[in-house]
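A.B. asks: Chain residues, written in single-letter form:
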Amino acid sequence: MPLENDRIFEGRIPIRTHVFSDRDDIVEMAKKYTEGIAGPGDVICLAESVVAITQGRAILPATVKPGFLARFLSLFPGKDGSLATPPAMQLAINEVGMPRILLGCAAAAVGKLLRKRGWFYLVAGRQLAYIDDVAGTMYPYEKHIILGPKEPQKVVNLIKQATGAEAVIADVNDLHRVDIIGITNPDLEVHVVEALRDNPFGNDDQQTPIVVLKRSKTQD
Amino acid sequence: MSNGLARITNWYCRLTEEGGQTFSEVVIESTSPFPYRIERPGPGTLVLVAEALANAHPDTIIVDDGLVDEVSLTIPRTGEVEAQVKLEADVVWEHRTQNSLPFKTILRFERSILTKIFSHKTIVIDPGHGGADFGYRGPVSLREKQVTLKMATVLNEILRSFGAETFLTRQQDVSLSWQERLNLARQKKAEVFISLHTHWAPDAKINGAAVFYNPIMPQSEGLAREILARITRKGKVTGRGIAPSWSLTELGRIAGLIIEPATISNWVEEGLFRSPDFHRKIAYGIAVGLEKYFAQQEGASYAS
Numbered sequence: 007m008p009l010e011n012d013r014i015f016e017g018r019i020p021i022r023t024h025v026f027s028d029r030d031d032i033v034e035m036a037k038k039y040t041e042g043i044a045g046p047g048d049v050i051c052l053a054e055s056v057v058a059i060t061q062g063r064a065i066l067p068a069t070v071k072p073g074f075l076a077r078f079l080s081l082f083p084g085k086d087g088s089l090a091t092p093p094a095m096q097l098a099i100n101e102v103g104m105p106r107i108l109l110g111c112a113a114a115a116v117g118k119l120l121r122k123r124g125w126f127y128l129v130a131g132r133q134l135a136y137i138d139d140v141a142g143t144m145y146p147y148e149k150h151i152i153l154g155p156k157e158p159q160k161v162v163n164l165i166k167q168a169t170g171a172e173a174v175i176a177d178v179n180d181l182h183r184v185d186i187i188g189i190t191n192p193d194l195e196v197h198v199v200e201a202l203r204d205n206p207f208g209n210d211d212q213q214t215p216i217v218v219l220k221r222s223k224t225q226d
Numbered sequence: 034m035s036n037g038l039a040r041i042t043n044w045y046c047r048l049t050e051e052g053g054q055t056f057s058e059v060v061i062e063s064t065s066p067f068p069y070r071i072e073r074p075g076p077g078t079l080v081l082v083a084e085a086l087a088n089a090h091p092d093t094i095i096v097d098d099g100l101v102d103e104v105s106l107t108i109p110r111t112g113e114v115e116a117q118v119k120l121e122a123d124v125v126w127e128h129r130t131q132n133s134l135p136f137k138t139i140l141r142f143e144r145s146i147l148t149k150i151f152s153h154k155t156i157v158i159d160p161g162h163g164g165a166d167f168g169y170r171g172p173v174s175l176r177e178k179q180v181t182l183k184m185a186t187v188l189n190e191i192l193r194s195f196g197a198e199t200f201l202t203r204q205q206d207v208s209l210s211w212q213e214r215l216n217l218a219r220q221k222k223a224e225v226f227i228s229l230h231t232h233w234a235p236d237a238k239i240n241g242a243a244v245f246y247n248p249i250m251p252q253s254e255g256l257a258r259e260i261l262a263r264i265t266r267k268g269k270v271t272g273r274g275i276a277p278s279w280s281l282t283e284l285g286r287i288a289g290l291i292i293e294p295a296t297i298s299n300w301v302e303e304g305l306f307r308s309p310d311f312h313r314k315i316a317y318g319i320a321v322g323l324e325k326y327f328a329q330q331e332g333a334s335y336a337s
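First to last, the sequence lines map onto chains A and B. Numbering-wise (this note's numbering), the first sequence opens with residue 7 and increments by one. Numbering-wise (this note's numbering), the second sequence opens with residue 34 and increments by one.
It is worth saying that the hints were derived from the structure and are not from the lab. You may find that some hints are simply not true.
In the DSSO-like style, the derived pairs of lysine-lysine whose C-alpha atoms are separated by at most 27 angstroms in a straight line are [claimed, not checked]:
#1 B:K183 to A:K149
#2 B:K238 to A:K71
#3 B:K222 to A:K149
According to the in silico footprint, chain B covers these stretches of chain A (three or more CB under 8 angstroms from chain B) [what the hints assert, rightly or not]:
#4 20 to 34
#5 40 to 50
#6 194 to 202
Predicted model, so just to flag it, every value in this text is computed and none were measured. Glycine included, each C-beta is placed from N, C-alpha and C at the ideal position.
Whole structure, please, built from the sequences with the hints as guidance.
C.D. replies: So, in structure tokens, the structure goes:
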């Protein structure tokens with residue numbers, strides 16, 4: 007759709023892809039799907055979950071054995087968010103270690119008293135906020151827990167090297183929250199956030215995990 | 034942007050409204066305009082043949098919106114892309130373009146056939162449980178009474194957009210007896226009564242959808258089968274089958290169903306029950322199942 011207001015992008019092109027798996031190379035895929043569309047100045051945006059899936063970070067809950075701590079701590083997060091199931095909490099413990107999780111919980115408890123949200127992730131690690139619990143990702147991965155992508159900055163740098171376009175990995179949800187996880191040109195961040203706010207990556211019916219932001223010609 | 038030919042980047046189906054009429058639109062997005070022709074290889078099928086390249090992955094989308102069944106994109110040869118639309122019925126259609134980035138080529142189908150099928154049809158939707166009756170509880174503590182109300186609200190909106198007259202047994206978190214729920218269907222002389230529930234099993238591995246029907250209304254069984262097929266296809270859940278429910282017999286000649294679209298005691302399906310996308314898919318599955326049922330009842334020439 008054409009973007010409103012005086013923004014630096016003249017259009018936003020979602021690209022329908024196949025269902026990615028850990029057999030796909032995300033850099034190759036970004037290059038293939040944006041061929042002839044994205045050039046220097048444009049921005050190739052990738053949904054963080056598909057980057058993680060290509061890195062083999064989609065985990066079936068049945069393969070995770072939650073310990074007592076994971077079972078106990080999973081009782082506390084909001085039930086519509088991540089880490090609400092014991093397997094997801096166990097994977098979070100595996101990601102950053104038990105001490106950091108416990109410190110995060112202590113921070114969350116203090117935050118709750120002061121009515122401040124998000125202190126758990128501040129202390130335990132922002133990457134835990136990118137864990138998608140079961141049913142949090144598009145078909146056929148709705149039965150998986152998807153961890154956050156590994157080395158997102160390295161991935162975007164490789165995509166820029168392969169395509170000549172700028173690259174971004176973003177976590178966008180339907181509540182209009184946009185987190186930029188990796189970006190080749192940080193000066194563009196505020197514009198990219200605005201352009202992705204209504205989640206052009208879409209749901210599983212849309213299957214558009216790659217979006218190209220076309221730079222306005224007047225901005226070139 | 035490309036060397037000559039436009040590049041098709043995406044395609045999807047959406048519902049739109051204009052001048053009080055609703056339409057199903059198949060939208061093909063591309064980097065620029067492209068020459069195309071439209072072919073009609075048979076009834077209920079329409080093919081748009083484009084001179085373009087495809088960056089989008091060739092694939093089939095199950096739409097199942099009551100009119101458009103599915104849309105497929107294929108690449109017969111380099112420089113040519115075909116978009117095939119399969120329809121439930123032959124209807125009035127038109128094509129248009131929209132100059133934007135991405136450029137849009139739109140096939141538009143009139144949905145008035147649905148309004149005709151659903152006009153003068155009364156459907157009572159019953160969100161199971163409510164108030165002090167919480168229903169079943171999922172492993173991450175989702176309550177059945179919350180899910181049933183959300184699904185019922187979406188189903189109500191969709192059936193109204195199809196042209197049906199609908200009534201909800203409850204719109205808030207209140208307790209109702211089973212008799213009160215059935216009474217509303219009888220009072221309103223409903224054609225169909227739909228009670229929404231979730232399945233629960235002691236074994237958390239058990240999953241899937243089931244539909245129960247009023248055994249003394251013979252057509253109920255076919256309706257249950259049609260709806261189960263639609264919700265399993267649309268919601269991508271396993272079917273646990275259909276079965277008679279004697280609790281529905283008090284409805285007499287009203288087609289009555291108890292629908293369990295998934296199993297709340299299963300972690301994954303509890304997660305599905307939290308998703309508004311899942312609610313919408315299930316609601317469309319039910320609505321399209323009802324459409325088939327009403328069309329058959331009226332002997333409409335349908336499903337070309």
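A.B. asks: For a quick check of understanding: which of the numbered hints are violated here, in increasing order?
C.D. replies: 3 and 6
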